[in-house]
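**Q** With chain A's structure known, arrange chain B on it following the hints.
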Amino acid sequence: MLNRLISNDQPRSPWLAAVLIVILLGLAFAPFLFPGVKALSVAAKVLIFVVLVVGFDLLLGYTGIVSFAHTMFFGIGAYGIAISSNTWGPTWGAIGLGFALSLGLTLALSLAIGLFSLRVRAIFFAMITLAVAAAFQTLASQLSDFTGGEDGLSFKLPEVLLPSTEFSEEPFLGVSLDGRLLSYYLLFVLALGMLLAMLRIVNSPFGRVLQAIRENEFRAEAIGYRVVVYRTLSSVLSALFACVAGAMLALWLRYNGPDTSLSFEIMMDVLLIVVIGGMGTVYGAAIGSVLFLLAQSYLQDLLRLASEAAAAWPLLSALLSPDRWLLWLGLLFVLSVYYFPTGVVGRLRVRAALKQRGKPGVQEAA
Amino acid sequence: MKLFQDVDMRPLLLVPVLALLAFPLIGSGSTWLTLTVAGLAMGMIIFIMASGLTLVFGLMDVLNFGHGLFIALGAFVATSVLGAMGDWTGSGEWWRNMVAVLPAMFIAMAVAAAVGLAFERFIVRPVYGQHLKQILITMGGMIIGEELIKVIWGPLQIALPLPEAMRGSVLWGDAAIEKYRLLAVAVGLAVFAAQMWVLGRTKIGLLIRAGVQDREMVESLGYRIRRLFVGVFVVGSALAGLGGVMWGLYQQNVVPQMGAQVNVLIFIVIIIGGLGSTGGALIGALLVGLMANYTGFLAPKVALFSNIALMAAILLWRPQGVYPVANR
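Chains as they are written, first to last, in the numbering used here: chain A, 1 to 366; chain B, 1001 to 1328.
Keep in mind that a hint or two might mislead.
As the list claims (entries may be wrong) - Listing some non-contacts, in silico: residues in chain A with all C-beta distances to chain B over 12 Å:
hint : residue
1    : Gln10
2    : Ala134
3    : Ala135
4    : Leu182
5    : Leu240
6    : Met267
7    : Arg304
8    : Leu315
9    : Leu332
What the hints assert, rightly or not - Dumping the calculated DMTMM-like pairs for lysine to aspartate or glutamate here, alpha-carbon to alpha-carbon at most 20 Å:
hint : chain 1 : residue 1 : chain 2 : residue 2
10   : A       : Lys156    : A       : Asp145
11   : B       : Lys1301   : A       : Glu217
12   : B       : Lys1301   : A       : Asp151
13   : B       : Lys1179   : B       : Asp1061
14   : B       : Lys1133   : A       : Asp301
15   : B       : Lys1133   : A       : Glu150
16   : B       : Lys1203   : B       : Asp1214
17   : B       : Lys1301   : A       : Glu150
18   : B       : Lys1203   : B       : Glu1219
19   : A       : Lys45     : A       : Glu217
20   : A       : Lys38     : A       : Asp301
Read the hints as simulated data drawn from the structure, not as lab findings. This one's a predicted model, so the numbers in the text were calculated from it and none came from an experiment. Each residue gets a CB set at the ideal place from its N, CA and C atoms; glycine is no exception.
Chain A extracted, bound-state conformation:
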């Protein structure tokens, strides 16, 4: 039963399994385990990033192509909810319509980009997505009547999801049962569902073809698979995941602007999470998201302290300033790609495989 649920993609490492269970339980009971507004918003962000990153991993880890437009689709999903709620009022119908429209736009746009750029060489894809994403970002801030420009859009949601809505007078286990809690569990169910769906996708025959293309494009083509078609489908699926993640973000924040969903910084975050977690392992997205968001939320404070401590040396202090967060992120990224290319999941799996091999009686288990 469980095996079917995770599509036979077992963690293949006792440590990895333990970490995943801890993360799953931690997120499932986050409102009760970690009280406080900041902790809950970190947990919600983890859920959103799991969906966003798992979509990117399909492209980078399983298909072996790089897109820089992943945040564009993230933004489309978020703007879909934001604009529709703003235009048609806070109803479920508006949210549904906005979500459907943004999915449609994502589908059309990703299909067009994929067919155009993957036709010749995969390397075009990285360059063209970069160009399109940059143009889209400019467009989003220019169409200020529609998107709220640089200021973004704040909007209302159906009453059930608002923090001011109380479902019961009595707090349950010390946590008040309000709309915020319901939103969180909405995100949780969505994220878990999307993660399991992705496991299904990558472990299907389709997913195997993608991995074959990643390993050897010519051979896959020679066996008879249309590489362009598979790569394009993979990029479309990945974009749809990003779009759903964007909608989740908008539902949680009740706000969307260029910096929250479109900025290049988020693209960098996604890249780093995939690499840290482990490219080509769906579980890596979950582990990477947790590690990264915890670091981002709490390490920046540490950086601020370090910067203040180094005030005597202006250059060092400037380097350590929290505004230069991206510098350290970039360094970490480059070093991870060099020395840690298989990520946390890859390392744990290799360790487990080595241990297995070391046991008497079991030979070449991997």
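**A** For chain B alone, kept in the frame of chain A given last:
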């Protein structure tokens, strides 16, 4: 004309065709002339920046997403140099201005070349032959470089005013043509001519062209293509630095993010031109420059998308770019 016999002439026609197509849309002849000169100037500057990138790709199959870093670096070095030479830039005499601008260009090129050498050694070299990692690593290098620029020069926009004598415009009939744009066209043509001479008339150029065509063959003939590649990488970085100075003076201000912004334009240019082709890069750059200026005048909101549309149109015609490089 034996020289032009084996050159595919059709892509060359694209530039005048685009200019003529825009003419009826713009209507006024003098506006058209102003825009065309501006577009050609912008195109020449973009070409200076893009030519290094396309050769680097052609030679070693390395796509350097960090190329924009050298552009930004060149521009920021120029602000420091020109800022320190206020007496010379403030003067109304041409030769005094040139005394200020030329060192700015040379220092910017030297700094960009030095950083390029380090970038090649520490960022690019460990990931030869691995496209995926190259894209990731050079992008990471770009981010690190941009943040370091912010640490050194501050995160804000810095003005880079043109020297006194280069401001203003020349009137030619009704059309106003900015002096600096003429200078940009001249510098761009000089760089193009120098490149054509090196690539077409020297032994090193012969090796580079041969390497772009077939790297393994050149290696098997006993030439160290790696060393050649490092040279091309460094020269390409220096040219990006020069282009950065020109671009900064063209925009009259510099921001740390300019590298990433220009990167997008350059990628469009080298895709249009065909990865690895210098002549293609020139045509791509001129097309992008003209397109940006025409649409900036006709429909400013879609200016960035116009270049993407242009690229899409070209790719429909020739999926590998206007001058596909053989063997790739």
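**Q** Hint by hint, work out which the structure violates, then give me just those numbers in ascending order.
**A** 2, 3, 6, 8, 9, 11, 13, 14, 15, 19
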